[in-house]
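Peer 1: As given, the protein sequences belong to chains A and B, one line each in that order. Numbering-wise, the first sequence is residues 0 to 219 according to numbering that gives the first Met the number 0. Numbering-wise, the second sequence is residues 0 to 480 according to numbering that gives the first Met the number 0.
Errors might be hidden in some of the hints.
[As the list claims (entries may be wrong)] Covered by chain A, per the in silico footprint, the following chain B stretches (three or more residues, Cβ under 8 Å):
1) 30 to 40
2) 174 to 182
3) 186 to 192
4) 196 to 210
[Stated by the list, open to error] Negatives, chain B to chain A, calculated, CB over 12 Å:
5) PHE170
6) LEU456
7) TRP463
[Claimed, not checked] With beta-carbon atoms standing in for the labels, derived distance ranges:
8) A/ARG2 to B/PRO276: 37 to 47 Å
9) A/HIS9 to B/PHE415: 45 to 55 Å
10) B/HIS444 to A/ASN33: 32 to 42 Å
11) A/ARG2 to B/THR147: 57 to 67 Å
12) B/ALA229 to A/THR96: 23 to 33 Å
13) A/ASP6 to B/GLY480: 38 to 48 Å
14) B/VAL27 to A/ASN33: 44 to 54 Å
15) A/LEU98 to B/ALA21: 53 to 63 Å
16) A/HIS9 to B/LEU464: 56 to 66 Å
17) B/THR147 to A/MET100: 37 to 47 Å
18) A/SER30 to B/GLY430: 38 to 48 Å
19) B/PRO53 to A/MET100: 33 to 43 Å
20) B/MET459 to A/ALA119: 47 to 57 Å
21) B/ARG405 to A/GLU120: 29 to 39 Å
Bear in mind the hints are in silico, worked out from the structure with no lab data behind them. These figures come from a predicted structure and were not determined experimentally. By construction, the Cβ of each residue, glycine as well, lies at the ideal position given by its N, Cα and C atoms.
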Amino acid sequence: MERLVLDIAHILAGGLVLVSIAMLYQDRLTSMINVFAAHAIVLSMAVAWQAWLQDAPHLYWTALIAIVFKAIVIPVGLHRIVRRLGIHRDIEAALSTGLTMMAAMGLVALSMALMLDVAAEADPLAREDLAFALAIVLIGLLVMVTRRNAVSQVIGFMSLENGLILAATAAKGMPLVVEISVAFSVLVAFIVIGVFLFRIRERFDSVDISALDDYRGERQ
Amino acid sequence: MTGFDPVVIVLIAPAFSALLLALLPGYVLTSRLNVLASLVSLVAAFSLFGVERPAPGPYLIVDDLNIVFIALNCFVGFTTSVFSASYIAHELETGKLTPAYLRFYHGMYQAMMFGMNLAFVSNNIGLMWVAVELATLSTVVMVGLYRTHEALEAAWKYFILGSVGIALALFGTILVYMAAQPVIGEGIEAMTWTNLVARADAFDPALLNVAFVFLMLGYGTKVGLAPLHAWLPDAHAEGPTPISAVLSGLLLNVALFAVLRFKMMMAVNTEAIPPGPLMVTLGLVSLIFAAFMLYRRGDIKRLFAYSSIEHMGIIVFAFGMGGPLANFAGLLHMTMHSLTKSAIFFAVGHIAQIKGTQKIADLRGLTESHPALGWALVAGVAAIAGLPPFGVFMSEFLVVTSTFARAPLIAVPLAFGLLIAFGALFLRLTGVAFGKPVGPMGVSHASYAPLYAHLALVLMAGIWLPPPLVTWFQNVAALLG
Chain A
0 MERLVLDIAH ILAGGLVLVS IAMLYQDRLT SMINVFAAHA IVLSMAVAWQ AWLQDAPHLY
60 WTALIAIVFK AIVIPVGLHR IVRRLGIHRD IEAALSTGLT MMAAMGLVAL SMALMLDVAA
120 EADPLAREDL AFALAIVLIG LLVMVTRRNA VSQVIGFMSL ENGLILAATA AKGMPLVVEI
180 SVAFSVLVAF IVIGVFLFRI RERFDSVDIS ALDDYRGERQ
Chain B
0 MTGFDPVVIV LIAPAFSALL LALLPGYVLT SRLNVLASLV SLVAAFSLFG VERPAPGPYL
60 IVDDLNIVFI ALNCFVGFTT SVFSASYIAH ELETGKLTPA YLRFYHGMYQ AMMFGMNLAF
120 VSNNIGLMWV AVELATLSTV VMVGLYRTHE ALEAAWKYFI LGSVGIALAL FGTILVYMAA
180 QPVIGEGIEA MTWTNLVARA DAFDPALLNV AFVFLMLGYG TKVGLAPLHA WLPDAHAEGP
240 TPISAVLSGL LLNVALFAVL RFKMMMAVNT EAIPPGPLMV TLGLVSLIFA AFMLYRRGDI
300 KRLFAYSSIE HMGIIVFAFG MGGPLANFAG LLHMTMHSLT KSAIFFAVGH IAQIKGTQKI
360 ADLRGLTESH PALGWALVAG VAAIAGLPPF GVFMSEFLVV TSTFARAPLI AVPLAFGLLI
420 AFGALFLRLT GVAFGKPVGP MGVSHASYAP LYAHLALVLM AGIWLPPPLV TWFQNVAALL
480 G
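Chain A extracted, bound-state conformation (with noise of 0.2 Å):
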């Protein structure tokens, strides 16, 4: 019984990094959303699961926001601000999405070597999330850095703090800050849907940040 709980609880971290990694080689703006929306509802599985292993009601809360905003308001959002952008088109990585798929190997390896090692000692069950969590916030780094489309880059961040969520719940008993930064993350989410990308469209055509990159500002 024992063992099941832990092989359950290790499924769910280990599809949060699988979804991380099919997020690397959507080539559309809207299957990424809808990536990055299932990657949402393995986290709410995984944050549950843990609420139910260490006993924490609270933790549902944040299952049960992680699956309303991530999964559901912020999708639902993005493919609203894509439609009236008309920006369906594809999306240019910077890196051949063999060379990404390699650099996320990579970065999980190095994730669980780390990890693993560093926190020897710790509480088996912690420990292996931690490792998940540290792959799943590398990728998301990576989705950012590859993707040159704002939209994607949001979304790369959304991951890439879906994978802090998974590590603070993991943290046995860790308090408040499960609930902060998840609302933290709907202000991130909401201030770049609003702000950022409002703006960005008032005056540009393009959400492509590239668009931005001409200006250096030290060209005279």
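Since chain A is already given, all that's left is putting chain B on it; use the hints.
Peer 2: Just chain B now, kept in the frame of chain A:
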């Protein structure tokens, strides 16, 4: 707690006025209220020195270290609000901003002050993280306030890099909790900073090491350390000038404060890697990198933004060296840098309003056309470059001599970086300050008082430091270990 509690006022005044200012119409009224709210925070901050301190709770703490930061924060926050009140009207006249944006601007200004003060008084590493994030988000929207191409790119870059930094810092915070939890137990107690410092010797050193690397990279991004500094020059150059002044003078200090808190915790655990060498390396890299970058700047606000990276490098270097003398020098340098750099940005704000440009090539002969402003800029640059008799000279001198005494080999690149930066600043200054005046010759309507007040303080600190201040800094330096 009964009666007068300055800690609460330092937090409530900006939080309440942030809401109020966002709702009130009329920029004249809101800019005055902004000054008033900043004054209230300032008075409360200084009264912290006098009143009896409450015992550290699970969320808030007042100790010798953070009082210095809060007082400096509220002081520069107040003078900048005075500058901003007289400066911002001009932006309205030139049509760069609309009244609705100004309302938003003032609300955000106080929200930022609230975030920074909360970060200083928090005794909880989770709360501190939230506060730093709040301060960052409110400055992001202010950097993008002008909504030009450049401002949006700057704000976007700042937002993305700042968020990544803050995310890494959160991961580090979680790891610290993981290290503390077996020793202190579950719950809020294991995130309280006073408990962490008291028990850190029993924490798992391997976890602490990884945690510190994440915290250093995360908060280091916000300090503007090279190679994580890419957001800083853009954010300084494209936002409104009062925001450049608070970014350089205050927000960088907030992140530095977080690094110092964790450094103190690391130092307790003797088995963990000492935090010093990492900080010394990052500090030196930032100093030398920024010193070289100073040479080819075409934009005057970018020039001084790189100078901020350079000085944050020096400060992190000094705290990384540790020991009573280097810590004292680091604290003094931080104070002097905040005062001087915000003074320089006030001067640059006046100049940009008169000339209508920030391009160094279009700024000439200011001492001739506008003596009051030109000479103030000369004084400011002389101060920041580390010339006597200004306070920055004294703190840089202390950093260099204490390093020579302990590790002469490290002192060589330090002195080299300082000299390179010195040369670059004066190369740029001669053109701007002297030579034949060009461009519009109007007058600036913004108030000169904050500029002169800051320069006077920096000059005074260079000549005579009040003994109570010296004792206070010595105490804090000993505390920092």
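Peer 1: Are the hints correct? Go through all of them and say.
Peer 2: Comparing the hints with the structure gives:
no. : hint                             : in the structure
1   : 30 to 40                         : violated (count 0)
2   : 174 to 182                       : holds (count 5)
3   : 186 to 192                       : holds (count 4)
4   : 196 to 210                       : holds (count 5)
5   : PHE170                           : violated (6 Å)
6   : LEU456                           : holds (32 Å)
7   : TRP463                           : holds (41 Å)
8   : A/ARG2 to B/PRO276: 37 to 47 Å   : holds (43 Å)
9   : A/HIS9 to B/PHE415: 45 to 55 Å   : holds (52 Å)
10  : B/HIS444 to A/ASN33: 32 to 42 Å  : violated (54 Å)
11  : A/ARG2 to B/THR147: 57 to 67 Å   : holds (60 Å)
12  : B/ALA229 to A/THR96: 23 to 33 Å  : holds (27 Å)
13  : A/ASP6 to B/GLY480: 38 to 48 Å   : holds (45 Å)
14  : B/VAL27 to A/ASN33: 44 to 54 Å   : holds (50 Å)
15  : A/LEU98 to B/ALA21: 53 to 63 Å   : violated (47 Å)
16  : A/HIS9 to B/LEU464: 56 to 66 Å   : holds (59 Å)
17  : B/THR147 to A/MET100: 37 to 47 Å : holds (39 Å)
18  : A/SER30 to B/GLY430: 38 to 48 Å  : violated (54 Å)
19  : B/PRO53 to A/MET100: 33 to 43 Å  : violated (55 Å)
20  : B/MET459 to A/ALA119: 47 to 57 Å : holds (55 Å)
21  : B/ARG405 to A/GLU120: 29 to 39 Å : holds (36 Å)
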